[in-house]
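Participant: Chains X and F, in that order, give the protein sequences.
The opening position of the first sequence corresponds to residue 205 in this note's numbering, with each subsequent residue numbered one higher.
The opening position of the second sequence corresponds to residue 8 in this note's numbering, with each subsequent residue numbered one higher.
FYI, nobody ran anything at the bench for these hints, they're computed from the structure.
Bear in mind that the values here come from a model prediction, so they are computed numbers and not experimental data.
Be aware that a few hints might be false.
Derived DMTMM-like pairs (lysine to aspartate or glutamate); straight-line CA-CA distance at most 25 Å [unchecked claim]: (1) X/K231 with F/D193; (2) X/K329 with F/E196; (3) X/K270 with F/E196; (4) F/K393 with X/D209; (5) F/K502 with X/D209; (6) X/K207 with F/E196; (7) F/K393 with X/E325; (8) F/K504 with X/E331; (9) F/K393 with X/D304; (10) F/K390 with X/D304; (11) F/K226 with X/E325; (12) X/K283 with F/E229; (13) X/K234 with F/E253; (14) F/K436 with X/D209; (15) F/K206 with X/D304; (16) F/K390 with X/D209; (17) F/K230 with X/D209; (18) F/K252 with F/E298; (19) F/K498 with X/D209.
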Amino acid sequence: MAKRDLQFSIGVLLLCALLYIGTFSIKITKAVRVSAAYFPRLILAITAILAIIYMIAALKTLKNSKGKEKQGNEENEEKPDIKRTLLTMGMFIVYGILVDILGFMIASIGYLIIQMWIMLEVRNKKEIIKFAAISTISMVLVYFIFTKLFYVSLPAGSLF
Amino acid sequence: MISLFLSGLAAILTFKTILLMMFGVILGLIFGAIPGLSASMAVALMLPATFAMDTVQGMAVLIALYVGGISGGLISAILLRIPGTPSSIATCFDGYPMTKNGMAGKAIGTGVIVSFIGGIFSLIVLMFAAPPLASIAIKFGPFEYFSLTLFALTIIATLSSGSFIMGILSGAIGIIVTFVGMAPVDGVERFTMGIYQLKGGFSLLPVLIGLFALTEILKEAEKSVKIKMIDTTNLKGKGFGLTLKELKEQWANLLRSSIIGTVIGILPGIGGSTASVLSYGEAKRASKHPEKFGTGIIDGVIASEAANNAVTGGALVPLLTLGIPGDSVTAILLGGLMIHGVQPGPLLFKESPDIVYGIFAALFIANIMFVIFEYFGIQVFIKVLKVPKHILLPIVFILCCVGAFAVNNRMFDVWTLIGFGIVGFILDKCRIQMAPLVIGFILGPMAETNLRRALMLSQGSVSPFFTKPISLFFIIAAVLSIASIVNRTLKDKKKAKKNLTTA
Chain X
205 MAKRDLQFSI GVLLLCALLY IGTFSIKITK AVRVSAAYFP RLILAITAIL AIIYMIAALK
265 TLKNSKGKEK QGNEENEEKP DIKRTLLTMG MFIVYGILVD ILGFMIASIG YLIIQMWIML
325 EVRNKKEIIK FAAISTISMV LVYFIFTKLF YVSLPAGSLF
Chain F
8 MISLFLSGLA AILTFKTILL MMFGVILGLI FGAIPGLSAS MAVALMLPAT FAMDTVQGMA
68 VLIALYVGGI SGGLISAILL RIPGTPSSIA TCFDGYPMTK NGMAGKAIGT GVIVSFIGGI
128 FSLIVLMFAA PPLASIAIKF GPFEYFSLTL FALTIIATLS SGSFIMGILS GAIGIIVTFV
188 GMAPVDGVER FTMGIYQLKG GFSLLPVLIG LFALTEILKE AEKSVKIKMI DTTNLKGKGF
248 GLTLKELKEQ WANLLRSSII GTVIGILPGI GGSTASVLSY GEAKRASKHP EKFGTGIIDG
308 VIASEAANNA VTGGALVPLL TLGIPGDSVT AILLGGLMIH GVQPGPLLFK ESPDIVYGIF
368 AALFIANIMF VIFEYFGIQV FIKVLKVPKH ILLPIVFILC CVGAFAVNNR MFDVWTLIGF
428 GIVGFILDKC RIQMAPLVIG FILGPMAETN LRRALMLSQG SVSPFFTKPI SLFFIIAAVL
488 SIASIVNRTL KDKKKAKKNL TTA
């Protein structure tokens, strides 16, 4: 955990530095006494100080834990399913791209079937038919409820 | 005030609004009951559905979702030992042991009735505290407002779970996100990277839905989803499970928990889960038999459930009077109000009392509705708990996208949603807390606008922040809250060191 804290604080520091440099390209208007770059610089400085404090704390923990027993409590917890998380993230992005091309209805039904399959614990091919039915019915419902009942427009694709 | 409340009630009591509110409460209860779906998600997802409604009607539906969502959490907390919504976390401690002892019906009945009492208590506080507070707040200038936001930001950081530095850091990251777009006061472009959609900054709702809902979906994807079996025997209890005699015995606990919940609600940015845990702890400390806590006694259920529902009324106090959300759900309500063209703040009480009292009335009706639906519909909600997550969560994602798209009818907001969902998940892994981050995101522009206005007024001098009494009061409060937490952290460290050397 301490290692991740260290990486995180370094990341925050880098981000602060980058954004701080960015503040110099903010246009300064003479009309106002306090420029638009004032507040960002103030907050970035505070964030950087906090990140440094956090980094020192992480370094201390890292130093103290060295040489001591290596296995932490993390082992007791269930192992996170990284593959499924990454696949889900990927599906979010793919869906965003496909909605723009295929339109809401087709992209959503396709997304739902694949995403449900990804999240399924014990895979069974018969489930796909069930997923297809659930996806189609739920999306037709969503379409009618939102567009006809609540007058909310849904994303339209370039193809459909 | 009573006549205003009655006219608010009259505005709510139309067939269509009541029907919509019923739908809202039921949906809220479902979202509350299912672990992984929370009250904030329910409100965020249904927000676009309110666009076509008038303001009072729309807010009534959102309030119904809010109250339902907070109240639904006790079902799975008691039956499955998983809080359905984070605010029911302490309900598990005694609620689940009660189920194991064959008293599930009593636990749920008690939970429902004390939730109602907590909710109504906080509504009364809201109705009496908000108008005078608004009349004070109307006198606030930029100096007072900046000091207030400063105080709000420190209080979130100090009271949120986890380390204090991390709390402030989370808030600061939230503020940094607000730098993108046009600067307040002079409208200068900042950090837009040439993307014209970013000129207006990130829209509030896609950011909130991304951080709360999408992050939650990813967290669920990471776990292996196992369905727990629910024991549905012993669900039937007599009456509401809580006898009058018990109610008499528990009144002190009930009152204390309701007060804790309301106060936690009023303090900006800390929501139901803190209230639930804090109130449980206090009930245990004040109890004559603290050793029985955790074995399945109603005291624990009462403390947690009265407190988390009392948050609802409390959280609306700063939202309506100051425009500062009291918890994460009210942050989304704030977005809802703004989409309807209403700017919450002290002026709201003067300019549109119909909206303010309509909200009060909606809170009252929603509290009555959830008792009826949750108590008599418990079997239905238990069935809903059996709907597998791998079907539910993808559909929630689609609804998130619909919500984000509907804000401005542009795909850019869907991308904002997806981006913040993924970033939120990564930040969560780094132990960044979502509540302070979101409050930072909401209060950032408020802090900046008022700071720059104040400094322009004072010709760059900071002394008025300390010479104006209200401003000074908030600054002292902010310093005190930081000092107390630093003190506590140092004490904890000393204790830990002592323990280490003696061990």
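Participant: Now, for every hint given, state plainly whether the structure supports it.
Facilitator: Hint check:
{"no.": "1", "hint": "X/K231 with F/D193", "verdict": "10 Å, holds"}
{"no.": "2", "hint": "X/K329 with F/E196", "verdict": "53 Å, violated"}
{"no.": "3", "hint": "X/K270 with F/E196", "verdict": "48 Å, violated"}
{"no.": "4", "hint": "F/K393 with X/D209", "verdict": "38 Å, violated"}
{"no.": "5", "hint": "F/K502 with X/D209", "verdict": "23 Å, holds"}
{"no.": "6", "hint": "X/K207 with F/E196", "verdict": "37 Å, violated"}
{"no.": "7", "hint": "F/K393 with X/E325", "verdict": "15 Å, holds"}
{"no.": "8", "hint": "F/K504 with X/E331", "verdict": "55 Å, violated"}
{"no.": "9", "hint": "F/K393 with X/D304", "verdict": "34 Å, violated"}
{"no.": "10", "hint": "F/K390 with X/D304", "verdict": "36 Å, violated"}
{"no.": "11", "hint": "F/K226 with X/E325", "verdict": "15 Å, holds"}
{"no.": "12", "hint": "X/K283 with F/E229", "verdict": "9 Å, holds"}
{"no.": "13", "hint": "X/K234 with F/E253", "verdict": "69 Å, violated"}
{"no.": "14", "hint": "F/K436 with X/D209", "verdict": "10 Å, holds"}
{"no.": "15", "hint": "F/K206 with X/D304", "verdict": "22 Å, holds"}
{"no.": "16", "hint": "F/K390 with X/D209", "verdict": "42 Å, violated"}
{"no.": "17", "hint": "F/K230 with X/D209", "verdict": "22 Å, holds"}
{"no.": "18", "hint": "F/K252 with F/E298", "verdict": "22 Å, holds"}
{"no.": "19", "hint": "F/K498 with X/D209", "verdict": "23 Å, holds"}
Violation of the numbered hints given earlier is confined to hints 2, 3, 4, 6, 8, 9, 10, 13 and 16; the remaining hints are satisfied by the structure.
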